[in-house]
Amino acid sequence: MIPTIYSNSQDLLSLEKFNDKWQSHLEALISYGLSAGADFVEIFLEKTDHIGLLAEQDTITNVSPSFAMGAGIRVFRGVQDGFVSTNDLTANGLKEALSQALDMLGLGESLLSKVKFDGLRLLNDYGLVKESWLSECPKLSESSDKLLLGTSFIDKFGNNINVRRGSYSRSLQEVLIASSDGTFARDIRLHQSTGLNALATDKENRSAISRRYGSSGKPNDLREWDPCSSAQEVCESVNKMLYADYVEASQMPVVLANKFGGVIFHEACGHLLETTQIERGTTPFANKVGQKIAHESLTAIDEGSSDGAFGSLSVDDEGMEPKQTVLIDKGILKTFISDRAGELRTGYKRTGSGRRQSHSFAAASRMRNTYITAGRYSPNELISSIDNGLYCKSMGGGSVGPTGQFNFSVEEGYLIKNGELTKPVKGATLIGEASEILPRISMCANDLGLAAGFCGSVSGSINVTVGQPHIKVDSITIGGR
Amino acid sequence: MTASDEISRPFLNPNDIRDRLTKLSSIEGITKWDLGASSSKDISVQVENGKAKQLKGSQRSSITVRVWNSEGLVGITSTSDLSDIGLSKALRGAFEASNYGDIKNSPDFSIMANTKLSVNEQKLFPAQGITKLLNLLIEAESNLINKHSSIKTVPYNGLSELFYERVYLNSDGAIRSMSQTQASLYLYARAQESDRKPRSSGSIRIARGSQQIDIDSCINEAANKTISHLNYEPISTGNYLVCFTSEAFLDLLSAFSSIFNARAILDGVSLSTRDSIGEEISVPFLSLNDNGLHHTNVSSCSFDGEGTPTNDLALIDSGKIVNFLHSEATARSFGVQPTGHAGMGAKVSVSPDWFIVSRVNDETISRPTLDHKQSQEKFILIEGLNALHSGVRASQGSFSLPFDGWLIENGQPISIESATIAGDIKLLLKKIVNIEKDQIATHQGVSPYIWVEDMKVTGDS
Chain H
6 MIPTIYSNSQ DLLSLEKFND KWQSHLEALI SYGLSAGADF VEIFLEKTDH IGLLAEQDTI
66 TNVSPSFAMG AGIRVFRGVQ DGFVSTNDLT ANGLKEALSQ ALDMLGLGES LLSKVKFDGL
126 RLLNDYGLVK ESWLSECPKL SESSDKLLLG TSFIDKFGNN INVRRGSYSR SLQEVLIASS
186 DGTFARDIRL HQSTGLNALA TDKENRSAIS RRYGSSGKPN DLREWDPCSS AQEVCESVNK
246 MLYADYVEAS QMPVVLANKF GGVIFHEACG HLLETTQIER GTTPFANKVG QKIAHESLTA
306 IDEGSSDGAF GSLSVDDEGM EPKQTVLIDK GILKTFISDR AGELRTGYKR TGSGRRQSHS
366 FAAASRMRNT YITAGRYSPN ELISSIDNGL YCKSMGGGSV GPTGQFNFSV EEGYLIKNGE
426 LTKPVKGATL IGEASEILPR ISMCANDLGL AAGFCGSVSG SINVTVGQPH IKVDSITIGG
486 R
Chain L
-1 MTASDEISRP FLNPNDIRDR LTKLSSIEGI TKWDLGASSS KDISVQVENG KAKQLKGSQR
59 SSITVRVWNS EGLVGITSTS DLSDIGLSKA LRGAFEASNY GDIKNSPDFS IMANTKLSVN
119 EQKLFPAQGI TKLLNLLIEA ESNLINKHSS IKTVPYNGLS ELFYERVYLN SDGAIRSMSQ
179 TQASLYLYAR AQESDRKPRS SGSIRIARGS QQIDIDSCIN EAANKTISHL NYEPISTGNY
239 LVCFTSEAFL DLLSAFSSIF NARAILDGVS LSTRDSIGEE ISVPFLSLND NGLHHTNVSS
299 CSFDGEGTPT NDLALIDSGK IVNFLHSEAT ARSFGVQPTG HAGMGAKVSV SPDWFIVSRV
359 NDETISRPTL DHKQSQEKFI LIEGLNALHS GVRASQGSFS LPFDGWLIEN GQPISIESAT
419 IAGDIKLLLK KIVNIEKDQI ATHQGVSPYI WVEDMKVTGD S
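Chains as they are written, first to last, in our numbering: chain H, 6 to 486; chain L, -1 to 459.
Please note that a few of the clues may not be correct.
[Unchecked claim] Here are the simulated DSSO-like pairs of lysine-lysine, each with C-alpha atoms no more than 27 Å apart in a straight line: (1) H/K22 / L/K87; (2) H/K223 / L/K87; (3) H/K26 / L/K87; (4) H/K119 / L/K49.
Derived from the structure by calculation, the hints contain no laboratory data.
Construct all of the structure, not just a fragment, from the sequences and the given hints.
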């Protein structure tokens, strides 16, 4: 018989803040889960406060605040897990969710866990010093004015501009994580992102360029954003690309610019170094630790601690502080990005990379700030080493398929002829396979830069940083006209 | 109450929400409001090597409330907290946001929010529960692996059951509600032969209930597709005669749906303008409707985010644009009626429901004998397009997309190792040379196979 933990439903929402007053409630739930036969129980509580703004031309056209809360409860028995999410944070709501997760694994009758639970440790409160963040963020009027300044600068610097848009989002997430290994942690996460985009048209010619900037843990981020230089950057690109010709399909060397150029590594390689890919049997690198998988010029890192970077975090969604993880060292594969389930199922130690979009998703091994480290060349040395190739100044999005094939679009490209940048070209898509491309990254420049992005995968859409210096890929297939 | 009853127990009570919001808005001094609410409960299973890998369940609910201030400006707020505290907070948030409402694009109540719906109730199917789903999926995984010696794993798989409710209410007395059940199965197999690259493919089935899913046909389709890609070769870059499967063509059309989207037209990001009605956008033997109520659409909803009834709307008739998709605000701007394609917001989004592509005017078809099952000509059959989120430039009309497919010559298919197709949507619609006769229902609409000539394909050889 499983003990009853509450005689009647208690509204835990009356505990307005996530703090150590939750401890006894969570311990009771965890004890209940373990007594039903679970090997491990984890409870992830979340409250969010989000606002999004859209400016079009010289008007704010959309303001969309939203609030949410919920819990994700995960139960392991061996390597199997049951996960249930709910918006209901009452005592009965949480117990019902836990019972459902236990029921999924066939637990709850006579099975008894061998796991000893000594209660939760003292609350590790990473959010304590972040309580004032929300009030320090700009109010609606200030945010609106700054965004409209951005769209007005596009009008000032652009030619043939038809559409000017600015967007801003601010997300505050408060989490409380408790698990049967004693983990008890609270954190507050603040993410802000600002974007500008412009569409230029002239008869049949059309060009659309967008840029997005993002940070974590910086309440003043929007105040410090320079809308003038951002608008200049967008306008310079949109003006150049308006009359660009389509690139011809071919195979040629490319130079990928720094910052968001790192999306190639993120898509082509980073995803294949997540333990979820080993579990599925979908990474070609599963048995390659210690082996050379890339050119010796390439070293790659995944970490969660760069100050203010979009993928940085004080603690991951499983209550672990992020480790700096050297994924590839001078071409040699060193390890994988791992979460709790990944460690359990593949043996790779957790790296503080258990991440999820929200309480609706179970955490999974996901990238944080992932980049190729700086090399010794100048960006010009990379370009001048190519007779006939493509310079990818700005990348669009991309994806990687279940067998490691990747693709991503080039938003702004220039042909390289005899070591010099020549005319702008559009419509290029870079296509390849990670295991074949990594050995071809032969030169890395000395200008490492990071860029914010959103990554969608098994545990939802999360904030990440991609990054690299300028890099040269000796040969890659370019889809075009 | 059993677990299977539990999943289809209604959560939203429209009358209760209306009464509470009427009271709370009155306290806040708000006289004009509307609200969209949704709630869902689902369970899903994933398996690996004959065992459960992850079992999931969720319960979600959310509301979006819009309020109009004394100047007629609109603000919104969304919340997952449906308690009185949550609703009050949402009302106050929306009221504050209304100070930033856009007077030029301010939405109003749909004039059709109180009209009679053509469809009211959908049949709800009982859930089978997590244990049954798990056993079914374990069996499906095993059967798929046993279809061919090269299929070793099914790395992406899932079987789920969903119960979903929606409500729309406004302070003028509109009250709409609907609920539905849905189930889905996906099987994505990975196969590899010695000294060759791994290949993968899969299949999806969606139905109103898990008992209605044809599991065997999903297994067979996933196996046949995966096996057909084992014999692969690179292809040369060049211009090809291409046949799009129904799924691939609908994917492409959906990615460029801003052509028919009145919101995108008003925002200047569509390839169409206000004057595009009557424009010849495609060959004359193509017609396109959007019909969210089509019997093949298992996710059909009888009303949109503003309470407007869902309709069957002709978008292209014999090659000419005849209508756009509208919300209340865009319809008012264009001087037409809302079409039932609105979301909910201060700036209301517009999106299509269920495209139906049809062949018309047979006599104008330039190459009516082309048939993907019989043609002896050399052509590329595109099974599916990938990376649409990054390879489509909707506001520019261009696309460059990786695809899965086969090069077929003399009726013999050879899988294409890796390739992309690039082009311009408006040119493509004019270069269609045949629309096959059979309309095929997919999980995202209905379309025959579509033949297009002279398409640029980039290969690896």
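Here's how the hints hold up against the structure:
1. H/K22 / L/K87: Distance of about 16 Å is within 27 Å: holds.
2. H/K223 / L/K87: holds (26 Å)
3. H/K26 / L/K87: Holds, at about 24 Å.
4. H/K119 / L/K49: Holds, at roughly 22 Å.
Every hint, counting from the list given before, is met by this structure.
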